Each structure stands twice: as C-alpha cells, then as structure tokens.
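Engineer: Given these sequences and hints, build the entire structure.
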Amino acid sequence: MGANLNEENEFGNEPSSAGAAVTAPPAPNADSSTVFSPELLNIYYNRLFPYHLLHSWLSYDASVSFAPGSAKAAASSSSSSSVLSRREFSTTISKDGDEIYKRYQSFSTQSDLASAIRKQCPLKIDIGAVFNYPPKDHKSLPAGKLQPVERELVFDIDLTDYDPIRNCGCSGASICGKCWKFMVMAMEVMDRGLREDFNFRHLAWIYSGRRGVHCWVCDEGARNLSNEARGAVANYFEVTLGSDRNKNAHIPHPLHPMLKRAHRILEPHFISSIITEDGHGLLATQASWTKLLLTLPESANPVSCELEKKWRSPKNTSTPEEKWTELKSALMSFIGKSGNSKAPKNMPNNDRLRIEHWPIETVFKYTYPRLDINVSKGMNHLLKSPFCVHPKTGRVCVPIDMEKVHAFDPLNVPTLPQLMRELDEYEEQNKDVSSDTTVYDWQKTTLRGPFEHFEKFFLQPLLKDVRKSQLKEKREESERRAALVGDF
Amino acid sequence: MRNDGMVGANVFISGPKDEMTVEHTIFTLQGLPKLKSYHLYAHFLEEPSKIMIRRSVIFQLDHGDYHITCLNNQRQQHNASQHSATKQHSSYSTKMNVAGRPRGLVAVSPTTNSSGSSARAGVVDVDMYSDIPSFELSLDEFEEYALARLKVLRKIEELKTRNTPQEAFRSSLSQSLKTNLPTPKIDTASHFILRAAYCRSEDLRRWFLAQECKLFSFRLEQCKNIRDFMKRNDIDLEMVDKTEKERVREKLLSVPGAPSPLEFNSTEYYRVPFVEALRLVSSRECYLERGFAYVPLAKIISIVEAKFRSALSKSLVLAGNNSNNAAVDEHTRIGPLLKSMNSQYTGPSHVANIENGEALTAANVDASVRSMPLCMSQLHAGLKRDHKLKHQGRLQFGLFLKGAGMSMEEHTMFFQREFTKIMTGEQFNKQYSYSIRHMHGKEGKRASYTPYNCMKIVMGSPPGGGEHHGCPYKHYDEENLSALLGKLHVGSVAEREAILKLKRDGNAQLACAKHFEVVHPGASGVESVSLDGVGNHPNAWFTASRKYYEAKEGSGKSVKMEMEVVKQEG
Numbered sequence: 001m002g003a004n005l006n007e008e009n010e011f012g013n014e015p016s017s018a019g020a021a022v023t024a025p026p027a028p029n030a031d032s033s034t035v036f037s038p039e040l041l042n043i044y045y046n047r048l049f050p051y052h053l054l055h056s057w058l059s060y061d062a063s064v065s066f067a068p069g070s071a072k073a074a075a076s077s078s079s080s081s082s083v084l085s086r087r088e089f090s091t092t093i094s095k096d097g098d099e100i101y102k103r104y105q106s107f108s109t110q111s112d113l114a115s116a117i118r119k120q121c122p123l124k125i126d127i128g129a130v131f132n133y134p135p136k137d138h139k140s141l142p143a144g145k146l147q148p149v150e151r152e153l154v155f156d157i158d159l160t161d162y163d164p165i166r167n168c169g170c171s172g173a174s175i176c177g178k179c180w181k182f183m184v185m186a187m188e189v190m191d192r193g194l195r196e197d198f199n200f201r202h203l204a205w206i207y208s209g210r211r212g213v214h215c216w217v218c219d220e221g222a223r224n225l226s227n228e229a230r231g232a233v234a235n236y237f238e239v240t241l242g243s244d245r246n247k248n249a250h251i252p253h254p255l256h257p258m259l260k261r262a263h264r265i266l267e268p269h270f271i272s273s274i275i276t277e278d279g280h281g282l283l284a285t286q287a288s289w290t291k292l293l294l295t296l297p298e299s300a301n302p303v304s305c306e307l308e309k310k311w312r313s314p315k316n317t318s319t320p321e322e323k324w325t326e327l328k329s330a331l332m333s334f335i336g337k338s339g340n341s342k343a344p345k346n347m348p349n350n351d352r353l354r355i356e357h358w359p360i361e362t363v364f365k366y367t368y369p370r371l372d373i374n375v376s377k378g379m380n381h382l383l384k385s386p387f388c389v390h391p392k393t394g395r396v397c398v399p400i401d402m403e404k405v406h407a408f409d410p411l412n413v414p415t416l417p418q419l420m421r422e423l424d425e426y427e428e429q430n431k432d433v434s435s436d437t438t439v440y441d442w443q444k445t446t447l448r449g450p451f452e453h454f455e456k457f458f459l460q461p462l463l464k465d466v467r468k469s470q471l472k473e474k475r476e477e478s479e480r481r482a483a484l485v486g487d488f
Numbered sequence: 001m002r003n004d005g006m007v008g009a010n011v012f013i014s015g016p017k018d019e020m021t022v023e024h025t026i027f028t029l030q031g032l033p034k035l036k037s038y039h040l041y042a043h044f045l046e047e048p049s050k051i052m053i054r055r056s057v058i059f060q061l062d063h064g065d066y067h068i069t070c071l072n073n074q075r076q077q078h079n080a081s082q083h084s085a086t087k088q089h090s091s092y093s094t095k096m097n098v099a100g101r102p103r104g105l106v107a108v109s110p111t112t113n114s115s116g117s118s119a120r121a122g123v124v125d126v127d128m129y130s131d132i133p134s135f136e137l138s139l140d141e142f143e144e145y146a147l148a149r150l151k152v153l154r155k156i157e158e159l160k161t162r163n164t165p166q167e168a169f170r171s172s173l174s175q176s177l178k179t180n181l182p183t184p185k186i187d188t189a190s191h192f193i194l195r196a197a198y199c200r201s202e203d204l205r206r207w208f209l210a211q212e213c214k215l216f217s218f219r220l221e222q223c224k225n226i227r228d229f230m231k232r233n234d235i236d237l238e239m240v241d242k243t244e245k246e247r248v249r250e251k252l253l254s255v256p257g258a259p260s261p262l263e264f265n266s267t268e269y270y271r272v273p274f275v276e277a278l279r280l281v282s283s284r285e286c287y288l289e290r291g292f293a294y295v296p297l298a299k300i301i302s303i304v305e306a307k308f309r310s311a312l313s314k315s316l317v318l319a320g321n322n323s324n325n326a327a328v329d330e331h332t333r334i335g336p337l338l339k340s341m342n343s344q345y346t347g348p349s350h351v352a353n354i355e356n357g358e359a360l361t362a363a364n365v366d367a368s369v370r371s372m373p374l375c376m377s378q379l380h381a382g383l384k385r386d387h388k389l390k391h392q393g394r395l396q397f398g399l400f401l402k403g404a405g406m407s408m409e410e411h412t413m414f415f416q417r418e419f420t421k422i423m424t425g426e427q428f429n430k431q432y433s434y435s436i437r438h439m440h441g442k443e444g445k446r447a448s449y450t451p452y453n454c455m456k457i458v459m460g461s462p463p464g465g466g467e468h469h470g471c472p473y474k475h476y477d478e479e480n481l482s483a484l485l486g487k488l489h490v491g492s493v494a495e496r497e498a499i500l501k502l503k504r505d506g507n508a509q510l511a512c513a514k515h516f517e518v519v520h521p522g523a524s525g526v527e528s529v530s531l532d533g534v535g536n537h538p539n540a541w542f543t544a545s546r547k548y549y550e551a552k553e554g555s556g557k558s559v560k561m562e563m564e565v566v567k568q569e570g
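From first to last, the protein sequence lines are chains L and P.
For the first sequence, position 100 matches number 100 in UniProt numbering, and the numbering has no gaps at all.
For the second sequence, position 513 matches number 513 in UniProt numbering, and the numbering has no gaps at all.
No lab work stands behind these hints: they were computed from the structure.
Watch out, some of these pointers could steer you wrong.
Incomplete in silico selection of chain P near chain L, CB under 8 angstroms [stated by the list, open to error]:
hint: 1; residue: Ser254
hint: 2; residue: Val255
hint: 3; residue: Pro256
hint: 4; residue: Arg271
hint: 5; residue: Val272
hint: 6; residue: Phe274
hint: 7; residue: Leu278
hint: 8; residue: Val281
hint: 9; residue: Ser282
hint: 10; residue: Tyr287
hint: 11; residue: Arg290
hint: 12; residue: Gly291
hint: 13; residue: Asp386
hint: 14; residue: Lys390
Partial chain L-side listing against chain P, Cβ under 10 angstroms, derived [unchecked claim]:
hint: 15; residue: Glu196
hint: 16; residue: Asp197
hint: 17; residue: Phe198
hint: 18; residue: Pro257
hint: 19; residue: Pro348
For clarity, every value in this text was computed on a predicted model and none was experimentally measured.
Ideal placement from N, C-alpha and C gives every residue a C-beta, glycine not left out.
Structural biologist: Shown next as structure tokens:
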C-alpha cells in the first residue's frame, strides 16, 4: 500500500514523516489498483470518519453540540432512553475471508460508537430503526417486545434497475457519466416531489459509493410515519414503466400534477442526455430510431413509415432534438390535435389516446426514477450509513449537494488512497505552520466540501427544527403539569 | 386504583351488603391523565345481593366529571322509578382498597354529552363507536349480542374470502345485519363487547379491525348524507375556500378521477394532512401540496374510513395493554366470557354437533366417508392404508371427527382399531391416547380445541412424505389432484375440469365448494341443507352432505346402512 501511494504521489520520492505515520502498516500484497484494504479502512476510521456528524444527526437532540471545536468533547447524555441509544446499527465485518453480519448493535454515546467502529473496522455500516428498547438488549427482552418506533423515510435508487434502458455500454455495477445522468434526474424529481408535495424539508442525499444514491428524509413527521404511510408515499412516486422490449409504460391519464411536474423536469433531460449522440443515442442513429419508432402504437404506422423514410435520406441532417420535435408534432397532427390538420375519421378513441400519450410515456420510460420501493416501505429496513466506504470502489459515501447536483461526478468522489495522499500532502505543506485551524483530519482532504455542506445545510437546519419542537414539547409538558396541580 | 398513566384503573367499592345502590355517588380519582374515556374496573368488596349501577354515578377526576356507564355483570334489577337526577351527590362513602375480590366491569365515559345520547337514540345508520355507550345489559344479553355480531363479522370474512361480487356482498351483508344486529343498541353494545374480547392479542385485533372496517365502509357507502354524518361525528375537515380552489383549479382537474370541469364549481374540496388520506395518496387519487391532500367530497369516504380505522386500532391496542395488565382476570364473571369469545364462534356450528342423534362412532365412521370433504377422506384413506397418521394429520382429522360429534371414547376406539394393526395396544395407549384425550380437553391445559377451518388448513404447512394432512386443492399439484378426482369418480370430465380450473387460479376453497356441488346435485334446493360454510369449514361440508343424504334417502335408510356396518364389524 505504501508503494501504491508513493507511485501516485507526486511527492512520492520523499515521503514525509507525517505521511509515514499515516500510511503506517504497508500492505503485503498491494498492487497499483488497490483502492481498498483493511489497512486503509483502518486509517479512515481512525482519522477521517466524521463520528460527530453521524452522532449529532442520529441523536436528534438539539442539546448535543455539533459546532466544530466543542464537538470533540461532546459527551451527551448516555441515558438508555435517548434516541441514539435505541438506534440499531449493523456492521459487516470480514473475518478469515468470510463476511459476518452483526445486527442489533446500539451505542449510547459518540465515543461508544466511535470505539466500536474503530475496533471492528467494518466493511459496511447499516443504519436501522429506532426501537422502543436499546436493540443491543434484544436477547434479554421477551420475544416480540422489541419494536421499531421511528425511522427516517428512506429511498434507494440504483443504476442496476436501469439496465434495460442503459445504452452506454454499462451494465450492472459499472457506471459512466452518461448513465449517472439517470441518477441526477431521479434525484431532481424525488427531491422536488418530497419537498413540494409532502412538505418534507430535511432531505439528505447520499452517494451509495458505487452506482446509486440514497435519500434520507429526516423531518420529524417523516420519522414517525407508519409502515402503511411509508408504503403510500413510495407508491405515490412509483410509476409502472414498461419492462419488456417494445412495451411502453401505460400511465393513467389525465397526468397527475406530480407526474406533470416530473415530465416538465424530465423532458429537457430526455432531449439533452437520452436521444443525443453523446447521450444514450435514442434518436442519433438509424438503428436506434428505427427501434424507437417500432414502439409506436400500430395505428400510428403511417407516421413512423413517413418519418423513417425522411430521416433515412442522406439529405436529412436534422439533429436528434429536431427529430423529437418533428416526431411529436407529426403524431399530434396525425390524431388531429394540432394546427390545420384534419383528424382521421375512423380512428378509435383508444388508439388516439395511446398515440397522444406515447411521447410522455416514452420520456418516462427513459427518465423516470426507478425506485426500490421495498426499502422505503418498512420501518425496519436497514440502509447503508452515509460516510461509509464502498469496499469495491474505495469511494466514500459522500453527501450530495442538490444545488450542484449536475456537477456531482461519482468518478470524482475521493477514494481511500487519494485521501491518504491528501492527508500526507496537507501535513507536508503545513508542517511548519504552528497555528493549524483544522479540527478534524477530514478537513485536510477533499471530504471537506461535502462534509461541511452536510453539516451546514442539512444538519444545522435539522437541529434547529428539533430544538423548536423540543422547546414546544417542554412548554406543553409544563403546562400539563401545571394543569394537574392547578398551578398556572 | 392504579395511577401509572394507563387508561384503565381498578376501583374497589365497599358498601352496605344488601341492596347496594351505587347511585348518586361520587368517586374521586386523582392523577389520571386527561382523556376522553376510561375503562375503570369496579371491584365490589362484598357481593351484594343486588347491585344497581345507574348513570348518575359520577367519577370525579381532576379535569371534570365522568359518568359511569355500564358493562355490569350483575343481573340488573330494574327499578321502575328511574332516577333522572344526576346531581345529588355522595350518599355512600367509598374506599380505595387494594385487596378486594374483583366483581364487575364498569366503563366510564365523560358525562357531558346528554345531547349526544339523544342523537344516538334516533336511527343511526353509521356509528363511529367513539363514545362508550351507557345502558344496562344482563349477562345473557351480553353474550347473545356478542355472538350476533360475531356472526356478522364472520359473514363478512367469508364473503370477502370468496370474492363475492359487490351486489351479492351488499345484499348478503344487509340481510345478516338485519337478522343479527337489528337495533342500534345491540349494534353498539356488541361492538364494545367484542372490542373487549378481541383486544387481547395482535392476531385477534387484526382480525377484528379488518372485519369492522369492512363493515364500517359498507355502512358508509350506504350512507345518504355523508356531510351530515361528518357533522354528527365531529369530523371537522377543513373545506377549501373559493379562492384557494381557483388557485389550484388546474391541478385538481388533472387528478385522475376528478370531477369534470362542469361539475368542478359545485364540487366541495377538503384539505387534510396527507397521512389521513393514505389510500388516495398511494393511488395518486388526490392532489398533494405541502403535505396536504385535496380531496373532493365524493372521495371523503376514504378519509373517514381511515379515521375510523386508526381510532379503533389505537383503542384496541390501549385496551389490549390494559386487559393484559390483569384487569379482566379469571375471577370476574365476564373475563372468561371475553376470553373464549373468539373461539366461541366456530363453537355453535361445529363443536360436537350431535343434533338428530346421528353421533359419529368408530362403527359408522367408515360409512360416513362419502360425506367428508376431500381433505378428510384423504386422511381417512391414509389412516386405513398406513394404519397410522402423523401429528398434523391426527390433529386435523381428530378435531374434525370431534367436531362431527364423535365422542372421545369412540375417537380412541377408532384410532386404536387402526393403529393396533401395526403396534401393540400398550404402545398405542402410551403414545397416542394421551393426545386424543388432550384434543378433547381432558389433559394438559384442558382447552377444548376447535376443529380446523379451511383457512387454517390452507395456510398451514403442506404435507411432507408420509403425511396426509393439508388441503388437497391447495397442496396437491394439478396432476395428482386430477388423478385423484378421476379415481374417486367425482363428476364428469367437464366438471372435474371446472374444479381443476378453480384450483389453477388459486381458489382452493372455491374448488372444494365446486366439488361439493358436483357430488351433491341439487343440494341448493334441499331445504335442510345449509351451504353456508361449505368451502370454509370441513365440518360444514360434512354436515351439509349428511343432511343432503338424509333428505334424499330418508334417515331410516342411512341408519340401516350403519347397522349393517356394525354387523360386519362385529
């Protein structure tokens, strides 16, 4: 590993003393492609993992300080009734080549949490529900006594669900900038929907480390939703998209306001990243547009024949975008919906509707979020914690800034070796500076951007709301007490 | 009295031994949380010869007075001169005492709504059951009403599992309601009694909640004036005002199932938190904005249903916690009644059904095979062939026989006759007779087990090697089932195909009912044959089949045939 770092490190030929400390135990079988190893992970958990962010988030307690500086000393109430102590953590650890999955762990303080993670050095940390009792006591509780009582509303979107429509050569776990666009579209649609329709405000979008994203909705209302309500929210967003080749999605019409908004968001993406040559090329080559035209309802055959002929001619130099516009207007005038065209007399109404809806359904098929809704439906479903490192890519599960979601590049997310290098570089550059202002080691790396954004734009507003509701609760409690003793 | 924040409390009352009239009395309880209603369990320290509990008994709590209402287990001695006065307080001293013999159950609800109770006295088509009723019931009525409601709820379950078409469902259910729950009083009382009986476990609660909600929606659909209903039940939904409605006009109109633009102006919209409209949210049948669902009046039923469901669900859980906290225990006279309520139902129709003296015996059981549904005749055949049955089979078949009226002695004799063909009598006694006695409630916890119904058999574990239990229509593959039906000469090829088609579609119980139809032609025309439970309970199948043969052949003949069997055996 040390060798690996030095190879990529421009200061490689003169490793600093600080760097030596960081990269301490050299991995025996390190090769140049190593992005992940127990040793690297160990350093990550020891120096970079933002325990205080995880802790102050999952405590949902405004009295737990999250300001840098004081946070290091933060030792919150360790009572077994706190939200954190009733939260299930699960870890996947590697032992003798086997992966062992340990469920029902819980920690009452940040230092408990941190020391357990440092000790276990887990490949993956999952976050479960908040239970009525600390889950670590599950063996001593009577069967059925341990019940989940609250949980963030979560969404899981994964590129593997897009395989039928990925036309960039990627499939399964591999990703490229082209197919990442699907995630961007999904995040935009879901973020707007959750905020505007459900009034949720505390949403954390997290890169899953490889090929997907997770959304944690942390509003108090969202955390207290019943399983039934979670199912309803998930179903609200789910659209049945045609799965087999040549089968279009049939979306009920009129288009629900939520779907109308989604369509407004998605069609520009469809034009810029799906049909174009540097996108998924849906209308860029003869082979692909022929395939697309075949998905038109049979009754629209005259239109597809005509366009096919026109587009095939060498004189035709229209861009994919122009083709899409042309296709749509040809369809609309075919069914008599636009301009001076006359409607064919004997077309059944059903055919007419299918033709009218085809463009919308096509946009949805290629762009609408494909959710794994089972993850969202149950309170008790585990989901990978933010800030973990994906063992296959070595990339950190970083928070995503929705304001700059278009600029987010998963291939640019720091890997473990890169972080080690950055630490080395930083310490090399600042070894003579006595007044180092950084508190956390992650501030010395590119994790600083996403982590600080998480703290400032997700955590602080969240805790502000928590404080408000805690104050309200306190007031009500004292009023109730006063009422009971007749003392106002 | 407990004071731990639960919604129930025990009250121990002592008074003059004879003719205790707990009336015009104030009990002062302190420290109870502020709630709409409580369950207070009154325990009378001495058993007075006569107890009168009237509405005028007041529990004075920190935050207002609460009326006693009655679920009294003592036979009521009606006093002709009803006391209407409610304000002459305190003629008895009351004592809180921890060591008393629990005697009665009293439900308590707020005293305030005299207007509410007069509204209830009128014809009320749909009841939210939000107020605990106040009237007196005898122990007999208590049980009778509860069973009447159980019949209705069972009917709903049956109709739903059979996928009865809407029309038939409605007419069948209104018929059942008319017969079983003819008055609002019986309806209300029985609901609350069953609440108490079905709050005890998760499974019971779920069943009760599901059926009650179906009943509620059925009634709500029949309800002519939903707005009036909402007003009566204090369902105060926020109506969307005109400007607001115009602002979101386009949005509202583009929700699937929205009124037409012409109807739009006259359509009232309501704005509710989205968690109250989950069904509509889930199917995208409402417009959502900032956490609120905009629901047209036509779809408000869904909201009211959800309110009913969540209120009932909550109160069941609360009551469940309470009853688990030992309030209703074995010593009260109501406790055992409530506890056995859920198993009571199958009781009347399928437990030890010996009407007409046609008891099933070891001697005549073989001749009765033709009246057994396929699952049971398969078990019978298996027993005859292997001379033993495995555990699941013994239970399923044994309880069925018991339900069909076979006594424990005959049951033992029958099994012994078969089992001892491969083992000694001693072995049989050692290993098997205990479990037969257990089944009949003579051993162990002495519970009288009820025969399995179809649901239990269908959902149960499928038979493994050497096992014969389960439902052939569910657990056999099509090929085996087809061969079996052929071998048993069940109907014609076309009829067998019809049965198999139902099996293919996953309708095991319908397939079984079809089987009945095929082998009992014209059964629906025979007056004494009740097809009600056929396809829902093996014992109902059996009873119906026996009645059918009785009517067809005359009871004399069937008795004669059984005599012959006896002779052969002898």
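Engineer: Does each hint hold? Answer for all of them.
Structural biologist: So, going through the hints one by one against the coordinates:
| no. | hint | verdict |
| --- | --- | --- |
| 1 | Ser254 | 4 angstroms, holds |
| 2 | Val255 | 6 angstroms, holds |
| 3 | Pro256 | 5 angstroms, holds |
| 4 | Arg271 | 13 angstroms, violated |
| 5 | Val272 | 13 angstroms, violated |
| 6 | Phe274 | 6 angstroms, holds |
| 7 | Leu278 | 4 angstroms, holds |
| 8 | Val281 | 5 angstroms, holds |
| 9 | Ser282 | 4 angstroms, holds |
| 10 | Tyr287 | 6 angstroms, holds |
| 11 | Arg290 | 4 angstroms, holds |
| 12 | Gly291 | 3 angstroms, holds |
| 13 | Asp386 | 36 angstroms, violated |
| 14 | Lys390 | 27 angstroms, violated |
| 15 | Glu196 | 7 angstroms, holds |
| 16 | Asp197 | 4 angstroms, holds |
| 17 | Phe198 | 5 angstroms, holds |
| 18 | Pro257 | 4 angstroms, holds |
| 19 | Pro348 | 21 angstroms, violated |
Hints 4, 5, 13, 14, 19 from the list above are not met by this structure, while the remaining hints are.
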